[in-house]
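Now for the letters of each chain:
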Amino acid sequence: MDESYFRDRISGYFDKSLPPDEYQLVDDYLKDSPEGRKLLEEIGRLDEFVRMHSELEVDDGFFERQAQSIEARLGFASATPANVEPVRPKGRGGATWKWIGVAASIAFLGFIGYHESDIFGPTPKGMSETDRLETPAVVKLDTMQSIDAADDEGAAGLDDTQADRDIASSVEPEPQPPRESTPATNEAKDVEKFEIARKSIPTPPKSEPAPTPMPEIKSPTSALEEESPVVVQSPGVEVVSEPPSSRRAAPAATRAQSAPITTDFSDETAVAEEQVAETVDTSALLAVYRAQRDSLMKATPANGGEALGLSKKEQPQSREHYKPTATPLSFDTQQSQLLEACYQIAKLTDSDSERSTMISQIEGMAADTSSVVGKRARRYLDELDRK
Amino acid sequence: MSAEPQKKQEETTGGPVQPGSEVNERKLVEAAQNGDQRAFGQLIRLHQKKLFRFIASLVGSTDRADDVVQEAFVRAWQNIKKFRSEYDFYPWLSTIARNLAYNELRRQEKTQSLDQMKESGFNPVDTELGPLEKMMNGEAQERFYKALWAMPVLYRSVFVLRHFENMDYAMIGSYLKIPPGTVDSRLYRARRYLLDELKDLLE
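Just so you know, the sequences run in chain order A and B. For the first sequence, the working numbering assigns the number 76 to the initial residue and increments by one for each residue that follows. For the second sequence, the working numbering assigns the number 300 to the initial residue and increments by one for each residue that follows.
Only chain A is shown next, with the shape it has when bound in the complex:
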C-alpha cells in the first residue's frame, strides 16, 4: 500500500475512529515510519492548539441584542421597538464610546436648553413643547419606511442561478430569496477571492469525490426512525416561507416588520411598565444556570465539586480522564459553559454563600493563565468585584 493510503487514515487513527483492522495496519505502518509518527505528533499539537485558540470572545451585549432582535422578529410581547437595535458585535471600547455619546448628548441638550429662545424662538401659544418635538419623529418614520421599501425592491431585483435555487429547494419548501451582497463587505471579498481562484482551475481534482451534498432534510418521523444520533428531528420541512423582506435579518427590515412603529407615543409609559413586568424571571434563570452548572460539573475537571455538594463519584476527573458524557462537548467548551453558568449565578444570586462559592469556582478557572477560559474568568472576577 502506498503512503497516501496511510496518510488519509492518520486522522482517523488519531481520533481512534478507524475500524480495528485498519487501525492495526496504520499502527504497524507508524512503527516503521518516522515521518508518519512526526505527522501524528503534529496533528496532536494542532488539536491542542485548536482547543486553546478557538473560543471566540463576544461580549454579552451582542448576544442580548441578538436575543431581543429574534424576539422582535417573532413578535414577542417583551420585544419593543427600542429593543431592536442592529445586531453587530461590539468592540472592546464599545462601553467607552457609549458613555462619550451619552455625555455629548447631555451637553448638546444643555446647550439647546440654554439657548432655546435663540434657536427656536418663543413657543407659539397653543403649541406645547411635545407638539414641537413630535414632528421629527414622523419624518424619521417615513424615512425608515422608504428605506425598507428600497431594500425590498433591491432584494426582489436580485437574481440567482438555477442551481442555487435547486439546492435551496431541496432543503426548504420554497426557494430562499437571495441576500443582498455589497461588494464592499469582507464576506463578498472572500467569496470573490475564491471565485478568482476557482476560475483559474481547469478541472476538479480526480481524487476528490463529488461536491458536498446538501444535508437532506428528514421529516420528524423518518428522522426519529433512523439511528443517527445527530438528526433527531428536522423542522426544515413544512415551514412556510416568509416574504423576502422578512427573511432578511437586516435591522431596518426587522424594525419595520416585527416591531410595529407608531406615531402615537401616548402609551409609552404603559409599554415601559409592561417591559419591566416582562423582564426575564431571575429565579427561573438562576435555576436553569444551576442545573447547567451541576450537569457540567459532573463532566469537567475538579474545580470545587466537593464545595457544590457533589459526591466523590460525581466529582469530575482530570483533563486526561475527561470523557464527554451527556453532551458531546470538548473539554474547553465544557469549561467555558461552566464558567458562564458560574458567572451568571454569582451575578444573579441573593445568597452570599452561593456567590462566594461561585467566585472561588471562577478563581479556580482563572488560575489557568494560558487558556482563553482562564482569561475570561479573570475578566469576570473583575466585573464581579466591581459589583
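Some chain A residues flagged as far from chain B (calculated, every beta-carbon gap over 10 Å):
(1) Glu78
(2) Asp103
(3) Tyr104
(4) Gly136
(5) Gly176
(6) Ala182
(7) Phe183
(8) Ile434
(9) Glu438
(10) Gly439
(11) Ala442
(12) Leu456
(13) Leu459
Simulated crosslink set (DSS-like; lysine-lysine; CA at most 30 Å straight-line):
(14) B:Lys349 <-> A:Lys422
(15) A:Lys113 <-> B:Lys498
(16) B:Lys348 <-> A:Lys450
(17) B:Lys381 <-> B:Lys348
(18) A:Lys91 <-> B:Lys349
(19) B:Lys476 <-> B:Lys380
(20) A:Lys113 <-> A:Lys91
Quick caveat, the hints were computed from the structure, so don't treat them as lab data. Quick reminder that beta carbons are idealized off the backbone N, C-alpha and C, glycines included.
Using the hints provided, position chain B relative to the given structure of chain A.
Just chain B now, with coordinates in the frame of chain A:
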C-alpha cells in the same frame, strides 16, 4: 390558550420559582410548546452563544452567522410543537442552524481542492476578518480563523463538525452523506493545510 397550559406556564417561568425547584430545559421547552414566549426567550439565551460560535466558525462571517442564528431560532419557534421534548433541544436547534448555514454556503466553492487554491496564489493571510477581528483574542487565534475560513467549505465543514461539535466520523458522514473514509481523508487534508499555515505557531 387553555387553562392547563397556562397553569404549566406559571409553574415553569411565570410565577416565582422556589429555591431548589427543578426548572430544567425540558420544562422550558414544554412551556414554549404551550406558547410561553418568555420560556422560549430563555431558551434563546441559553443556547445562542454556543450556536453562534459554531455557525460563525462554519460560515466565516459575523453577519451571516448572525442571520443564520436568528433564522434558526425563528424556525425553531415556528416548529417547536413538532419537537419531542424528551430529546435534547440543542442538537435539534443546531441541526436547523446547520441546514441554514449550508444554504448560506451554497455559493461558495464545492469542488476546489486546497492544493489548487494555493497554486492559484490565494493567501489566507490576506483574508479580512472585518468585525470578527474585534473578537479575536491574540494573533494566534486570528491566524487560526483566517486559515480556517480560507479553507474550502468541503474541508472546513468536516473540520468544524469534528472540532467544534465533537461529532465522530460516523455522525459527520451521516450528516454530510459521505462515507467515513471520505470524512477521514478530508479531515486529514484540512489538518494538513492548517499545519502548513500555522507551522511557526505550532513549533
